[in-house]
Amino acid sequence: MNAWLSELVGWLGYLQRPAVVVQVLGVIGMTLIGQLLQRRWLSRCPQRLQSSVKLWLTPLLIALWAGLLSATGQLQGLVLFLLWWRCGWSVLVLLHPLLGRVLDPEQRYDLETRLLRPVFLIAGAVALINQLDTINDVAAIPIGEAFNIEITLGKLFISLAISYLVIVGSGLPAGLMARSLQRLLGINDSSRKAMELILRYAVVSLGVVAVALHMGINPTAVIAIAGGLSVGLGFGIKEIFSNFISGLWLLFEGSVRPGEVLMIDGDPCEVRRLGLRATVLWRDRDNAELLIPNQSFFTQDATTYTGSDRLRRSQVTIAVALQHDPAMVIQLLEQTAVTVPGVLATPPPRALLISYGDWAVNYALRFWISNPMNNISSCSAVNQAIWTAFKTHDIEIPYPQQVAYLARSSAAAATDRQPRRLGEGETGQPG
Amino acid sequence: MPMNWLRFCIPKAEALAAALLLLSGCQARQAVDLRGGNAQEDLEGVLYLYVGVHDNAFDLSGYRRNFNQTFRALEQQFRQVNPRTHFVVQLHRESSLLKEVAQRNASGLGPDLLLVSNRTALQLARAGLTRPPQLTPDLRREIDPAILSRASLHNPPRLAGLPVAQKAQLACFNSSRLQQVPTTLQELLAISANGNAVGLALDPHGMFWSAGALGANEALQQAIFRRPLTRDQHQAMVRWTRWLQDAATQQKVFFYGNQDLLLEALSSGQLDWISCHSTDLQQLQRRLGSKLGVAPLPDGPGGQASPISELTVLALGVNSSAGQRQAAEAFAHFALNPLVQRNITVNLREVLPVNRFVTVPAESSMVLKAMLRAQEQSRQAGSIAAAIHLNERRMQQTQGLITRLVFGESTPEITAQRLIRTLQGQP
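Protein chains in written order, with this note's numbering: chain A, 1 to 431; chain B, 1 to 427.
It should be emphasised that the hints constitute simulated quantities derived from the structure, not laboratory data.
Just so you know, even glycine gets a beta-carbon here, dropped at the ideal spot from N, CA and C.
One should not assume that every hint holds.
Stated by the list, open to error - Per label pair, the in silico range of CB-to-CB distance:
{"no.": "1", "chain 1": "B", "residue 1": "Asn68", "chain 2": "A", "residue 2": "Glu106", "range": "47 to 53 Å"}
{"no.": "2", "chain 1": "A", "residue 1": "Gly144", "chain 2": "B", "residue 2": "Phe225", "range": "36 to 42 Å"}
{"no.": "3", "chain 1": "A", "residue 1": "Phe235", "chain 2": "B", "residue 2": "Arg287", "range": "45 to 51 Å"}
{"no.": "4", "chain 1": "A", "residue 1": "Ile143", "chain 2": "B", "residue 2": "Gly289", "range": "54 to 60 Å"}
{"no.": "5", "chain 1": "A", "residue 1": "Gly144", "chain 2": "B", "residue 2": "Asn68", "range": "17 to 23 Å"}
{"no.": "6", "chain 1": "B", "residue 1": "Gly289", "chain 2": "A", "residue 2": "Ile122", "range": "40 to 46 Å"}
{"no.": "7", "chain 1": "B", "residue 1": "Asn68", "chain 2": "A", "residue 2": "Val93", "range": "52 to 58 Å"}
Stated by the list, open to error - Covered by chain A, according to a simulated footprint, are these stretches of chain B (three or more residues, beta-carbon under 8 Å):
{"no.": "8", "region": "44 to 51"}
{"no.": "9", "region": "86 to 94"}
{"no.": "10", "region": "103 to 114"}
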């Protein structure tokens, strides 16, 4: 601990040198001036120039400072270094729209925030340290001991960097490999996504082993310690461990994979991601993302529409006035369903007479759709089509009717016996 | 929200950093002003010391550990006199040192002091990357003029740095396996014939010592300084290359590409005898303990061995503030102090003093005795040491030629011819 603190404090010694102070103060001053100018004058610039001014004003001012130092015979190497770094950042910002042309927004966001910007910042920090010191010397600073191995700053940094890159950077190669295997083996998209995840886990596991070996950790010692830790894992973090194992199990079993549609609390939800701890599902009804621990799928019943295929059988019920011929109604319902977009012709839609009600005959129309998530919209479209078809064919969708008799004298009752309509009409309900 | 926060904070942070910098700068300046004149006890500040690492040293971490142990002792002594000074040590390969120093000097982040080989110090001075140290008449009198001359540029005459120590090239062996130390090349081959494993270096610095023992030292010097060779000198070169090839045909003589491999082989018991440098002794001592034996390199039928004694020099940087400059010079002079020189020699037993008024207690240590003998042997190769550098293209070509020779791909005659041509070529 003392060694790296001492090294860090040692770098401050450069501030004893006027040439260094002048350069650093100049860069800070130019950056401040750049910020001030942007605040006061940016709004007066033409719209099309504003982004360029934002990007290049500060580097331009720093370059002016370097030029001034050079013209007066002062040292300016540090200013030039900081200028290059600042220009690099502007170039990174310029990449943003270019990346948007080849990547979708989510991919671009991931690439920029998880890879490009962190790598640029770390590379800049390493380059700056290499100006003040030597990377080899800084890397050799001991910071502690683990498993009888001296951990140095360099080993720790490389281990963290490799782990991070493996976790963040394994997505693309794993995805490409899974796509190649999909083409080769002819598997479906859900299986591809599962394979991608398994490949990613494999790469991350190999990365972790590589990091441990790089650190010089003895594999036998790791196995012995893992054995001891497994008892602790069993008690201490068993939920996390259980979720992790459940996730792996579900992947291999194939029942819960990205792209699958499951019924959660009566709503169809699509599996988005199968994480180490929890599964992320998307619910169409309210565009909500549900985070469900993996082990829940082990302990609770689940209904899936995508187990063997992605077809879903939907149903609407309709009440039709008593006077219409059921055969004609059934034929019309089946013909109407086929015309609705999204309703599959095979298996064919089927209409059934379900029951005789008090004031109507109840029919059910069953049809198949290819996307289980579209049930509500498909039912709505079918109901609309039925309404239009019934109107065209003069088929009545009756209001509920009830006959009430008033208990008076029998003569009055005989003269007053007239029917009275009560209540409202009813249409089919989606199943 | 976070972006707005950042926008708000960044200018504030920059303003704060500027204020802190001003304060630090004022403090540093104040320290310099307060110190004033020549009051040694008031010296203070951080001194950046670059240490040139031999390009053959592959194990940088081992080197760093050794150096830190050695240097921290010297630093402690200096800080007893100047407690407010602090050293930041950086290790650099000598091959890249010129480039590194040039780049950092341009930023104002260059070193205050450089502890480098004599050759590198001369290159740095020639490139204007260091400044000549002030040498008081007393100090000038204390250092051997020949050593000062090796550390000086001649046009215009100026010192490239202050010589502070001399390294010696020796023979290191496993005393538990060798009954008798070979004092001649014939004895060296004899012990290998008796089953002792002998290790020789392939790099020119590590094997030029054998040229003197076979009478080829003069021929080497002629070639290196691009002068024509006489017939006798040519013959001496052939004798030397023939001996190298004969040695390679011995079952128990092994050639290694660099010094680190030789050291590792001796430490692990694969070899019983190697040529080594005095600065390797600590490392070997740690591994071999009391089994480590040290002796001068064997002489031969052509004369004394011609080991190359390297000179270690303290050069002064050009970026130092007034306070750092004063402290750096004080440290360089301190390192030449007879008491310090004697302490370094006796305590470390891996370098010899450059202050000629320091008596080396040779009788108290076999190592010091061997080093003094090595110093005597190295006088004949002194000019070679000043003229060649490991990174020179011709040294790399020389190593290639010798490698082909020991693997039997070239005859001694052809190799001698090519060696002369190579050494006479451009560096």
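Hints violated by the structure (listed by number, smallest first): 2, 4, 7
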